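Residue numbers (our numbering), protein chains in the order written: chain G, 1 to 319; chain L, 320 to 639; chain H, 640 to 953.
If you're looking for bench data, these hints aren't it; they were derived computationally from the structure.
Keep in mind that this is a model prediction, so the values were computed, not measured.
Virtual Cβ for every residue (Gly too), placed ideally from N, Cα, C.
Errors might be hidden in some of the hints.
Using 25 Å as the maximum straight-line C-alpha spacing, the simulated BS3-like pairs for lysine-lysine come out as follows [as the list claims (entries may be wrong)]:
hint : chain 1 : residue 1 : chain 2 : residue 2
1    : H       : 681       : G       : 126
2    : H       : 853       : L       : 467
3    : L       : 398       : H       : 671
4    : H       : 681       : L       : 467
5    : L       : 603       : L       : 634
6    : H       : 838       : L       : 426
7    : L       : 515       : L       : 603
8    : H       : 671       : L       : 426
9    : H       : 853       : L       : 448
If you anchor each label on the Cβ, the simulated ranges turn out as follows [said to hold, decoys possible]:
hint : chain 1 : residue 1 : chain 2 : residue 2 : range
10   : H       : 777       : L       : 327       : 29 to 35 Å
11   : L       : 536       : H       : 678       : 55 to 61 Å
12   : H       : 804       : G       : 187       : 36 to 42 Å
13   : H       : 678       : L       : 501       : 35 to 41 Å
A few chain L residues that don't get close to chain H, going by computed Cβ distances all over 10 Å [unchecked claim]:
hint : residue
14   : 341
15   : 359
16   : 381
17   : 443
18   : 475
19   : 584
20   : 606
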Amino acid sequence: MWKTILRRVLIMIPELIVLSVLVFILAKMMPGDPFTGSINPRMGQAQIHHLMRLNGLYDPWYQQYWNWVVHLFHGDLGTSYEYHEPVTALIAQRGANTLYLAVFTMVLTYVIGLPLGIYAGKHEGKLQDTLVQIYTFVTMSIPFFVVLVVGIWVFGYALNWFPTAGSVSAQATGLGGTLISRLGHILLPGLLGALFGTVNIVQYLRSEVIDAKGSEYVKTVRAKGVPMQAIYRHHIFRNSLLPIAAFAGYSITGLLGGSIFTEMVFSYPGMGLLFLNAINYRDYTVITALVLLYGFLNLMGTLLSDIVLSIVDPRIRIS
Amino acid sequence: MSLIEVKDLKVHYPVRGGFWNRIIDNVKAVDGVSFSIEAGSTFGLVGESGSGKTTTGKSILGLEKMTAGTILYEGQDIKASGTARTEYNRNVQMIFQDSLSSLNPRKRIESIIAEPLRNFEHLDKEQEKLRVIQLLDIVGLGADALYKYPYQFSGGQRQRIGVARAVATNPKLIIADEPVSALDLSVQAQVLNFMKKVQRELGVSYLFISHDLGVVRHMCTNIAIMHRGRLVEIGTRDDIYNHPLHIYTKRLLAAIPETNVDGRAEHRKQRLAIEKEYEEEQAKYYDKDGFALPLQAVSATHAVALPDDLLHELKAKGKA
Amino acid sequence: MDSKLDTSKISEEDLARLTKEAEQEKTPSALKVMWKEFRADKPALVALVIILAFFIFVFVASLFINVPHAMETNIMSYYAQPFTSDFWLGADSAGRSIAKQLIVGSRNSIGIAIGLTVISSTFGIAWGMISGYFGGMADLVMQRVYDFMMIIPMLMTIIVIVTVIPQYNAITLTLILSCFYWMGTSRLIRSRTLAETHKDYVSASRAFGTSNLKIIFREIMPNISSLIIVDTTLSFAENMGVETGLSYLGFGLPMGTPSLGTLIANANDPENITNYWWTWLPAALEIIILCLSISYVGQVARRTLNAAQRRGDD
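Could you put together the complete structure from these sequences and hints?
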């Protein structure tokens, strides 16, 4: 099994290299330079040229790429032109916010998705099942950003139940107060993300339960007199648990992609909002670092899921 | 000159493994098989499932890649030139085991049968239609089958459509891969008789692949028995059925169900005796890896994979 | 051998009659089966009619709208109230008619979604079928490309590309988006093609000398046509959210080109979202209704596909 894992990790390396080159070239092709229109309008053309030279922006691209990679391995992603801060520090600070929201959303997704999937499978073909099916249909059909906008309008502005911007209230004091305020800020975006992100889990579990109900081994256990409730708990649910857990890795891609919209709508200071600002300010170093980081996280998520699934399902391991 | 001559055909599949996924072993699906088929005759290739008989058939047709070996068609190596290859493809066709999955479910019978015609003969629409009707007629189906779909026919009818398609380009050789084993017994005879009729009328040769020795006896003039990728015995129908020499052949023959109720006990005793002999003497007939020994000629038509001592014994007996 | 067969007993008339009979008892095509299912399912029919009628309406109505004129700033009608004879749906902060923007924006967004669906599905189908049919080395390489495309942070990359490209319009945007939205289709089609390729009718076609391309598109494709129809419909619903989402973020259609996304982006201003709901809510509702309708049509199509598979005649 370690061979499967190691081989899978090795496949990852070329992907990572291609990704970094691609991202770097894209960032370099951006129009404008990061200093024009910067905070200091008195800066002259000569000074800008000087700054560009100082930052190595006139070197050939492969030279710049190489410098960047060398720095990368030293944990140095450069300095943000806009925020005048090391990119690593900037990302660490904003990344924490995105992480809180993502973890919260994922936990909620499982909390909502697991029971719904089993419930629908148990009651296959009945009214309960139909209702769950309608729910998954609606949530998978509507574009997520529209959900967010309508959500913040109804629950944030009209009903005034949730804050509509930021990650923590300025008035919050003490550890407890800050925590509660933070939770308050991620509650609505997290709930919306979870409610509209359960489709895969619900549909997978539902079909697992339905398949298992008709399978020979469940019929056998049932014939031996084991109650259906115990069969669900000990056989069906346990069998589906690991594949379901493996979804977590794949869902990282969706969560990260969604974070850009969520943070935009809720003015939530995470990496997604940082990226949008960086694009507007042509903040190369931040853009490059963020795209690479997102790609890296996607890769890690996929890797994790692949490995978990290959352990669960020997058929995948062989191929 | 034989119509087709297969020489030392090998089909090996690589087994990959280890960290770098390198080829660490080969599965020898077909390992050094040689035989030839005369024009207008039927050659039976018999073996249990997994013995490599289907792979042999498919590699002759070009559906499987040959690892080694040569195929001579009318004395010419088919790998020699491109034009020879096209001619070969036109003259060697196939009947498949599963009549349902071998006919495209979305196509009408007309276009299914016309498929080889469209690729090899360029007829106009009217000619093509008439030709398809002719072909349907050969296998006893009416023109009303023309625009139907495969699922509208019974298994036996579908297999006859398969026969019609195989003979569409007037081939010299048809590879029939278990053509009737998926059919009911009553329908089997019907399809086989149509195959024989086609042979009489068109002079086509068959490579008849089957595990059913009863059917093979009915159809074939020459027979080869295959086991674990190699031939264990090859000869005429008389050689195989009346003078089997290899222990595996004997065992296969003993396994043919006996319909005569009177000799039931005796038949059973004989079968058990052969089974016992097989268990005991198996090692003698196979090499250390469990593969059959090389074939040794025992008469002009008959060759058997016998160990040397048994062969000498046999020859001594023959002289005495 | 021709002499042995009597073909003369089949007359011209017989042949013509047979052809006619065949036409009558023709097995219905995937589209026809679906159409039958739709006629039986009233809500599905309503959804289909809503979609088609709406599409026709916006495409025809936008012909009568002078877009540059409609996009001109008009201080006089700053945040004009909705439901008046001049402004059916009011006006935005620049005094531009929301109703006109909605119609032109719908046309743009729907047009891009259609273009995106056609291009990306065609590409995905071809990719999946070739990858699944040939297998081996070709499949391996194509799968690696697929894997790589899957880990790219799609939204970010598109935003970067859109920022990099100095000038673009609806067509170039559609092409850029198409590069990133073919993977789902290709994966689905590949696995089905793989299954079909192992069936004997494909071996038969090979044995009978049919070329690979013909086998892929003439033999295998008809067998997965229902799947293609269903997948394309569902992709279409999904693709409605792609350009609109980007335009919402400000990286979709260029300034001055209305889109449903830019209309919804009005909601980014807290003032708009609370007090001037008409600037963004109609566009949001329209997207929701359209996506639900298209998706529902896709679901019904999928149901007929499943039913066909159960009957075993797919």
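Structure-based check of each hint:
{"no.": "1", "hint": "H:681 to G:126", "in the structure": "holds, 21 Å"}
{"no.": "2", "hint": "H:853 to L:467", "in the structure": "holds, 22 Å"}
{"no.": "3", "hint": "L:398 to H:671", "in the structure": "violated, 47 Å"}
{"no.": "4", "hint": "H:681 to L:467", "in the structure": "violated, 33 Å"}
{"no.": "5", "hint": "L:603 to L:634", "in the structure": "holds, 18 Å"}
{"no.": "6", "hint": "H:838 to L:426", "in the structure": "holds, 15 Å"}
{"no.": "7", "hint": "L:515 to L:603", "in the structure": "violated, 39 Å"}
{"no.": "8", "hint": "H:671 to L:426", "in the structure": "holds, 16 Å"}
{"no.": "9", "hint": "H:853 to L:448", "in the structure": "holds, 21 Å"}
{"no.": "10", "hint": "H:777 to L:327: 29 to 35 Å", "in the structure": "holds, 31 Å"}
{"no.": "11", "hint": "L:536 to H:678: 55 to 61 Å", "in the structure": "holds, 58 Å"}
{"no.": "12", "hint": "H:804 to G:187: 36 to 42 Å", "in the structure": "holds, 39 Å"}
{"no.": "13", "hint": "H:678 to L:501: 35 to 41 Å", "in the structure": "holds, 39 Å"}
{"no.": "14", "hint": "341", "in the structure": "holds, 15 Å"}
{"no.": "15", "hint": "359", "in the structure": "holds, 14 Å"}
{"no.": "16", "hint": "381", "in the structure": "violated, 8 Å"}
{"no.": "17", "hint": "443", "in the structure": "holds, 14 Å"}
{"no.": "18", "hint": "475", "in the structure": "holds, 17 Å"}
{"no.": "19", "hint": "584", "in the structure": "holds, 43 Å"}
{"no.": "20", "hint": "606", "in the structure": "holds, 33 Å"}
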